[in-house]
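Here is what each chain is made of, one letter per residue.
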Amino acid sequence: LAKTTQPISMDSYEGQEVNITCSHNNIATNDYITWYQQFPSQGPRFIIQGYKTKVTNEVASLFIPADRKSSTLSLPRVSLSDTAVYYCLGESGGSYIPTFGRGTSLIVHP
Amino acid sequence: EAGVTQFPSHSVIEKGQTVTLRCDPISGHDNLYWYRRVMGKEIKFLLHFVKESKQDESGMPNNRFLAERTGGTYSTLKVQPAELEDSGVYFCASSHEAGQGLEAFFGQGTRLTVV
Numbered sequence: 001l002a003k004t005t006q007p008i009s010m011d012s013y014e015g016q017e018v019n020i021t022c023s024h025n026n027i028a029t030n031d032y033i034t035w036y037q038q039f040p041s042q043g044p045r046f047i048i049q050g051y052k053t054k055v056t057n058e059v060a061s062l063f064i065p066a067d068r069k070s071s072t073l074s075l076p077r078v079s080l081s082d083t084a085v086y087y088c089l090g091e092s093g094g095s096y097i098p099t100f101g102r103g104t105s106l107i108v109h110p
Numbered sequence: 001e002a003g004v005t006q007f008p009s010h011s012v013i014e015k016g017q018t019v020t021l022r023c024d025p026i027s028g029h030d031n032l033y034w035y036r037r038v039m040g041k042e043i044k045f046l047l048h049f050v051k052e053s054k055q056d057e058s059g060m061p062n063n064r065f066l067a068e069r070t071g072g073t074y075s076t077l078k079v080q081p082a083e084l085e086d087s088g089v090y091f092c093a094s095s096h097e098a099g100q101g102l103e104a105f106f107g108q109g110t111r112l113t114v115v
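Sequence lines, in order, name chains R and E.
Counting in my numbering, the first sequence runs from 1 upward without gaps.
Counting in my numbering, the second sequence runs from 1 upward without gaps.
Don't read these hints as lab results, they were simulated from the structure.
Source: prediction; values computed, not measured.
Just so it is clear, CB atoms sit at the ideal spot from N, CA and C, and this is done for glycine as well.
Check before you lean on any hint, since a few could be wrong.
[As the list claims (entries may be wrong)] Each computed DSSO-like pair below joins lysine-lysine, with the alpha-carbon atoms no more than 30 angstroms apart:
{"no.": "1", "chain 1": "R", "residue 1": "Lys69", "chain 2": "E", "residue 2": "Lys41"}
{"no.": "2", "chain 1": "E", "residue 1": "Lys51", "chain 2": "E", "residue 2": "Lys78"}
{"no.": "3", "chain 1": "E", "residue 1": "Lys44", "chain 2": "R", "residue 2": "Lys52"}
{"no.": "4", "chain 1": "R", "residue 1": "Lys52", "chain 2": "R", "residue 2": "Lys69"}
{"no.": "5", "chain 1": "R", "residue 1": "Lys3", "chain 2": "E", "residue 2": "Lys78"}
[Stated by the list, open to error] If you want a taste of the chain E side facing chain R, the calculated C-beta under 7 angstroms gives, among others:
{"no.": "6", "residue": "Glu52"}
{"no.": "7", "residue": "Ser53"}
{"no.": "8", "residue": "Gly107"}
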């Protein structure tokens with residue numbers, strides 16, 4: 001089962017905008033692109049989901065180009081509490097099973 | 001609304017013993033998933049229930065693992081006998097329906113340590 005590819009880690013400072021890009025070259029036509037956030041000692045938590053173009057909610061924005069082979073999660077004005085692992089899910093192979101890759105460990109510094 | 005709850009939060013057992021993990025999904029969620037993360041590895045899918053039926057158990061490591069969901073409500077995952085490599089965090093998730101465009105809700109996980 002093909003997996004998504006994203007940076008292993010990123011560092012940022014409070015108040016900055018953080019963009020995490022994920023590659024999903026083999027995404028299927030019926031796959032959505034979903035991002036989860038995970039804090040230490042907790043289970044993953046849904047952040048945002050989209051199929052194409054741009055989606056925005058109270059937490060983040062998700063940008064998906066026309067070819068859908070990548071997506072970018074944008075976190076505006078991060079705070080220390082945004083330090084977490086961010087997972088991009090996009091290639092279930094038609095199984096509809098949420099399938100995780102390695103995730104991006106984001107560390108926000110004061 | 002109560003979220004997905006898992007019991008116990010931690011378990012330390014000796015190699016060869018049996019452990020049973022429990023997951024209570026969100027009420028009304030037909031779909032229940034089990035995942036596992038071994039230290040340093042990805043969160044890996046184990047199996048998927050739709051109500052009381054196993055829809056997909058392709059991720060189950062071996063026959064020492066047995067998952068059940070009697071009555072389509074809570075689920076248990078039993079490991080018997082436990083081995084050292086079974087150590088990790090076991091997550092349960094549930095969703096109202098299966099399919100793309102749907103959000104899965106995860107529990108806090110059960111940290112299993114086999115010594």
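Status of each hint after checking the structure:
Note on Lys69 (chain R) and Lys41 (chain E): the hinted pairing holds, with a Cα-Cα distance of about 24 angstroms set against a maximum of 30 angstroms. As the CA atoms of Lys51 (chain E) and Lys78 (chain E) are separated by approximately 18 angstroms, the hinted pair is consistent with the 30 angstroms bound. With a CA separation close to 26 angstroms, the supplied pair Lys44 (chain E) and Lys52 (chain R) stays within the 30 angstroms bound. Distance check on the hinted pair: Lys52 (chain R) and Lys69 (chain R) sit about 10 angstroms apart at the alpha-carbon level, within 30 angstroms; holds.
Restraint check for Lys3 (chain R) and Lys78 (chain E): the C-alpha separation of about 28 angstroms stays at or below 30 angstroms, so the hint holds. For Glu52 (chain E), the shortest C-beta to C-beta distance to chain R is roughly 18 angstroms, which exceeds 7 angstroms, and the interface hint is violated. Here the hint on Ser53 (chain E) is broken, as its CB sits about 15 angstroms from the closest CB of chain R, past 7 angstroms. With its C-beta approaching chain R no nearer than about 5 angstroms, Gly107 (chain E) sits inside the 7 angstroms limit, and its interface hint holds.
Going down the numbered hints, you'll see the structure goes against 6, 7, while the others check out.
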